[in-house]
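Enquirer: What follows is each chain in one-letter form.
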Amino acid sequence: MTFDLFSNLVAAFFTLCIFSFLYKDNPFYQMSEQLLVGVSLGYSLVLTYERVFIPYFYQPIFLKHEWILIIPSIIGIFYLFRFSPKLSWLSRYPIAFSMMSVGASVALSMHTSILVQMRQAMVPIENINLALIFIGTITVLLYFFFSKAHTGIYGQFVNVGKWFMMIGFGASFGLTVMARISLLIGRIQFLVNDVFLALKQALFG
Amino acid sequence: MAEKKSFFEWMQNLDRRWIYLIVALAIIIPLLIPYNSDNVTTPPTENVYQMIDSFAGREDRAVLLSFYHDSSVMPELYPMEIAIMRHCFERNIKVFCLSFLPTGAPIIDMAINTVKEDYPNIKSGVDYCNFGYIPAALILPTVIGMGDNIATAVPTDAEGRKTENLPIMKGITNYNEMNLVVEFSGSTAGAYWLVYARPKFGTNIAVGVTAVMAADEYPYLQTGQFIGLLCGLKGAAEYEKLVDVFAAYRAPGEPLEPYFDEEGNKIVPGRSFSKDILNQPEIKDLIKITPQTEAKFTPEEFELFLQTCPEKDQQLLHQVKQSVDGKFVIDIAKLDKNQFSSLTWEGLNRMTHNTPYKFKVARVGMNAQSVAHIMIIVFIILGNIGYFLQKAQTGKK
Amino acid sequence: MKKTIPLLIVIIGGVIWLAWVFVPHRLIQDVFYGEFYLPWARAMAPFAMLLGVISLSMMHYGKIKRKAPKWQYSFFFFAGFIVTSLAGFIGGTQKGGLYMWIFENMQMPMSATMFSLLAFYMASAAYKAFRARSPEATVLLIAAIVVMLAQVPFGVKISKYIPDISQWILDVPNLASKRGILLGVGLGSVATALKIMLGIERSYLGGD
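Residue numbers (this note's numbering), protein chains in the order written: chain A, 3 to 207; chain B, 7 to 403; chain C, 3 to 210.
One chain only, chain A, in its complex shape:
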């Protein structure tokens, strides 16, 4: 047995532990669920230490002597005071620092999500598709405008948006089915090719 095959068997064991939940909840599934959380956290911790803590905290302060960076480090430590009932107000400072960049997102999100989309929605209506897109965009927007009651002719006009949304959600659902099945296909491809067929090759040649 090669080391690769052994590693794949370990991966297959944990894969089947998770799949066993489909039959019913059992200790193997519970064990793997907690292991997954623990391993993920341990992985992120080590990588954060190596790629963030060392180059951006330890090296600038202790090797390059940029002592001013002690101030943001202390502010960063305030994050941890979240767990103290008396001193949890200190954790607002690092949160406030990271929320500062919301100022840029006011302008940039307005450009990306609103202005560019509006500009493309206001093109000359040269064919039936563009007309449908125009009507659909307006009716969907108005459907969520609740300051005016959806009654009478206005209500019927706005109802068209509901139909557009149903088709849109239907398309999303169709694609979601493909996405979910793809994830399962990936796991089954692993089990069939890298485990079952490799094991067959190793045992029977």
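Hints are computed from structural coordinates only; laboratory data are not their basis. In this text, a Cβ means the ideal position worked out from N, Cα and C, and glycines have one as well. Where hints are given, some of them may not hold.
Which residues of chain B face chain C? A few of them, derived with a C-beta cut under 10 Å, are [as the list claims (entries may be wrong)]: (1) Tyr-26; (2) Ala-32; (3) Ile-33; (4) Asn-45; (5) Pro-50; (6) Asn-53; (7) Ile-113; (8) Asp-115; (9) Glu-223; (10) Leu-239; (11) Pro-258; (12) Gly-259; (13) Ile-386.
Once you have looked at the hints, place chains B and C on chain A.
Expert: Chains B and C only, in chain A's frame:
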């Protein structure tokens, strides 16, 4: 009628574990029994392909691949990453890779190592550069900084070498040259590039997304903010097909590696995208996913192929060829690889149009996808028939 | 005091960031962004990670101490966390080490399998819950079925027009509805960002 109704009542109350078993079988069986099928390519995928292909052989153009996902969505995104990398290696296109998630960095390594196995001449720092994991705190500085100077925004690559000294950086300064960013993501695809890189620097952005998100990205596609979109496993299958039909295609007698002609122009092997070629029935031979061992030539093609081989191999090839329906056929499964030079053997392999499994994973998966989709549609229809019959029965009572 | 100063930081910082989008002056681009914000954000970043570590550890420790239901499995959490962390700190993060082996052969398969369970639930829901109870639901299901058929090679065999119809569904009605929703969401997020920047929205600071 009473029997039919009780059958549907039984079906309505079916234990869900039987449904799980049917789903599992519907996927396992097509994977065990591969068959050839064709995935129709769509304009969003073709646009990504054409944009990347336009950089073929150019020193002053590069593609940046951003792996913004973890292993949970790998079945959908990994095949498209492999396909795009294979495209770049086939057509001599410079590739940069990075990931803003810690879980994305090992996926980059896996993808590069997987594709590189078949391209021994591809070198790190020359043909591709892996920037590795860049922490989330540095997304903004990196995305914006690359608009001025890539070597300043990302000083070292994943192997610790200084970016500015790498041979790949010759001719590449910023987004003007690294003109296309392709982001693979299972969540907010292309968000940072869309908000910061495109408005400020005019960078072209394409995304490879899980199918769940694809429908939401169409507004950006229509505005041109995204130049193209690869949608889940289907997008990966379409891209694999395009690579097999165009980038990885070698006409008999064509050199396998890039070369310079008499005027000093770089000629990259493979062929450019063409809608007409896609509609030809002959391309079915190029995209088969069942193992192919026979190299087929017309007599003229055979002569052209022989000219690329050493004389000793030419005599051998004359001996082993068989004539079938006016074509020459060589079955490489019956040959000994050691009898031929590596150049001839590689050429013969190319002519069989056999795609290694790792470059057709998405297309194999799409076969299982077909069966699974039909199964889900049948479930929906059966469930609804049972529901309406039950409703009619309740109405009568 | 406890809320005022953080609010002031957000308001003043937010205005400078807004200026950063439009003003190319070196005082904002180089001094504020390059020499102040970047190094400070980088120095603060590692500590946010510790929040998650402490929070989860406290939760599982509490479960073990209280002997809450399924408390025994919390030991597996600590085992996974401690072994992976030690493997990374002592052995290093290079490929071939225990740390990467644990990630590639335990974390990656388990996380991928968790997501793949959704396919089974979707099939079960398709059978038991997706009902065409109303005309709108019928339209939704028909659109879904057309798009599903178009994704697979089999769909072309049923009718060669199915891929074109599906692409039309994605390019026209789907686009219109997603654009309407995106505009609505965009307006909402800009309004929220503006409220945060002006100090009207304070929920991110938490309670007293």
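Enquirer: Does Asp-115 of chain B pass the interface hint, meaning its C-beta sits closer than 10 Å to a C-beta of chain C?
Expert: holds (6 Å)
Enquirer: Does the closest beta carbon of chain C sit nearer than 10 Å to the beta carbon of Leu-239 of chain B?
Expert: With a minimum Cβ separation of about 8 Å from chain C (threshold 10 Å), the hint on Leu-239 of chain B holds.
Enquirer: Hey, does the Glu-223 of chain B contact hint survive, CB to chain C under 10 Å?
Expert: holds (8 Å)
Enquirer: Does the interface hint hold: is Ile-33 of chain B within less than 10 Å of chain C, judged Cβ to Cβ?
Expert: holds (8 Å)
Enquirer: Quick check on the hint: Ile-113 of chain B CB to chain C CB, less than 10 Å?
Expert: holds (9 Å)
Enquirer: Could you check if Ala-32 of chain B really has its C-beta closer than 10 Å to a C-beta on chain C?
Expert: holds (9 Å)
Enquirer: Double-check Tyr-26 of chain B for me: the hint is only fine if its C-beta lies closer than 10 Å to a C-beta in chain C.
Expert: holds (5 Å)
Enquirer: Does Asn-45 of chain B hold up as a contact with chain C if the rule is Cβ-Cβ below 10 Å?
Expert: With a minimum Cβ separation of about 6 Å from chain C (threshold 10 Å), the hint on Asn-45 of chain B holds.
Enquirer: Holds or violated: Pro-258 of chain B as interface residue toward chain C, Cβ cutoff 10 Å?
Expert: violated (29 Å)
Enquirer: Hold the hint about Gly-259 of chain B up to the distance rule: shortest CB distance to chain C must be less than 10 Å.
Expert: violated (33 Å)
Enquirer: Grab the minimum C-beta distance from Asn-53 of chain B to chain C and call the hint holds if it beats 10 Å, violated otherwise.
Expert: violated (13 Å)
Enquirer: Would the stated hint for Pro-50 of chain B survive a check requiring a Cβ distance to chain C of less than 10 Å?
Expert: holds (9 Å)
Consistency note: the structure conflicts with the earlier hints numbered 6, 11, 12.
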